[in-house]
Amino acid sequence: MKTLYVDGSGFMHRLSARVKLALLAAASLALFLIQSPSVLGVGAIATGLLYASLRIGWRQSWLRLRVLFVTIAAVALFTLVFNSPVEAVSVFFRLSALALLASAVTATTTTGDFITEVTFAATPLEKLGLVKAADIGLSIGLVLRFIPEILLRHQAIRDAHIARGLRPKALSIIVPLIILTLKNADEIASAIDARAIRAQK
Amino acid sequence: MDIHFDKAEARFDGRVTLHPLTVRLTERRIGVIGLNGSGKTTFARMINGLVSPANGKVVVNGFDTKADTDRARSQVGFIFQNPQNQIILPILKEDIALGLTPRKLSKAEIEARTTAILARFGIGHLADRRSHELSGGELQLAAFASVLVTEPDILIMDEPTNQLDLKNRNLVARTISELPENVIVLTHDLDLIAGFDRVLLFDNGRLAGDGTASETIARYRELVA
Chain A
6 MKTLYVDGSG FMHRLSARVK LALLAAASLA LFLIQSPSVL GVGAIATGLL YASLRIGWRQ
66 SWLRLRVLFV TIAAVALFTL VFNSPVEAVS VFFRLSALAL LASAVTATTT TGDFITEVTF
126 AATPLEKLGL VKAADIGLSI GLVLRFIPEI LLRHQAIRDA HIARGLRPKA LSIIVPLIIL
186 TLKNADEIAS AIDARAIRAQ K
Chain B
81 MDIHFDKAEA RFDGRVTLHP LTVRLTERRI GVIGLNGSGK TTFARMINGL VSPANGKVVV
141 NGFDTKADTD RARSQVGFIF QNPQNQIILP ILKEDIALGL TPRKLSKAEI EARTTAILAR
201 FGIGHLADRR SHELSGGELQ LAAFASVLVT EPDILIMDEP TNQLDLKNRN LVARTISELP
261 ENVIVLTHDL DLIAGFDRVL LFDNGRLAGD GTASETIARY RELVA
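Chains A and B supply the protein sequences, listed in that same order.
Reading the first sequence from the start, the letters are residues 6 to 206 in the working numbering.
Reading the second sequence from the start, the letters are residues 81 to 305 in the working numbering.
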């Protein structure tokens, strides 16, 4: 199983997971309150520099961020067509800054720390009887666990097509990808049950 | 260890996967053999409560697996065929610690227990490694550690030497033979269970043999001949 976490000892790695997640939440809010494209542009450049400081490398960064940036470009294009160029630029900078910042937090925070902090954040809801905090933390951890796995599985199915001389098509990749992912999710769910991770003591 | 199957039957999609079975298991090392699809895995999953009996009951150390699933499950550690699916979090020490979270222990206690269990299996140096970086044998030892950190009374292993090369197979076999816990091993690797106290043979969802390792293995060889 691969992970989105990258080893390191820089500033972002040393910052506590709680502080990083609080800053990410605050920055997300601020990015949606700011309307000026130039300020948003500065924000995007700053988060880009922060991300670059992690020294993940161009290739790894491209692999991690390409889907996000294709989506952001599509949203910006949509805004350009249906709204205005200024709004399109704002959307592009805002979402880019957000994606880079969130990726930087994900790359410097282990899944275990995510689970701990999300569980902590959800504890007040548990006290109100609304949720089980540990389940929310575990769910977030599992999402993070599955992202690189799904990307790897996508690549494996693509390679299997090519190896058999078939042209990979979206539908012929998505169907086995969904089936394999669900099967894997079922096995992981069994492991969670078998290890009594959700058990109440 | 005291596992009691009392006319326990398992069904899947209306089909009987394990015919009514009555058996009591108290030996420390039990092997389970049989062809693929013979009911071995269903039998093992019923001990852990992953499969509930459609009829009858399974009682593990006094706890009914259907009525008292959590407590029955706390008695039984289960190691799946594919250890990759056993390891839930990417970094080994975090995954091991995850198994202790429902116990509401302090961070220091969790760290101490994690360190101790990794040391017990000689994989302390792998604590910060990601599971995809481990060899097959290391991964299997990591799976042992992830389960045994919660100190279950019984450890079930589903084909623990499957897909391992000879070196890793021998490493895992040696580790199993040295485990002080009660173990139930499902396997096609007959050498692995040759010295076990008792071996069960399944065939078409029924118990087809039950005795010493040599008797049951001989019966199995006859069956597939």
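Take these hints with a grain of salt, some might be off.
Below 20 Å or equal to it, Euclidean Cα-Cα: the simulated PhoX-like pairs (lysine-lysine) are [said to hold, decoys possible]:
#: 1; chain 1: B; residue 1: Lys137; chain 2: B; residue 2: Lys87
#: 2; chain 1: B; residue 1: Lys184; chain 2: A; residue 2: Lys137
#: 3; chain 1: B; residue 1: Lys87; chain 2: B; residue 2: Lys146
#: 4; chain 1: B; residue 1: Lys137; chain 2: A; residue 2: Lys132
Below, a sample of chain B positions facing chain A; criterion: calculated Cβ distance under 7 Å [claimed, not checked]:
#: 5; residue: Thr122
#: 6; residue: Gln166
#: 7; residue: Ile171
#: 8; residue: Ala207
#: 9; residue: Arg210
If you are wondering where the hints come from, they were derived from the structure by calculation, not from laboratory data.
Glycine residues also receive a C-beta, built at the ideal position from the N, C-alpha and C atoms.
*Determine which of the earlier numbered hints do not hold for this structure and return their numbers in increasing order.*
Violated: hints 4, 5 and 8.
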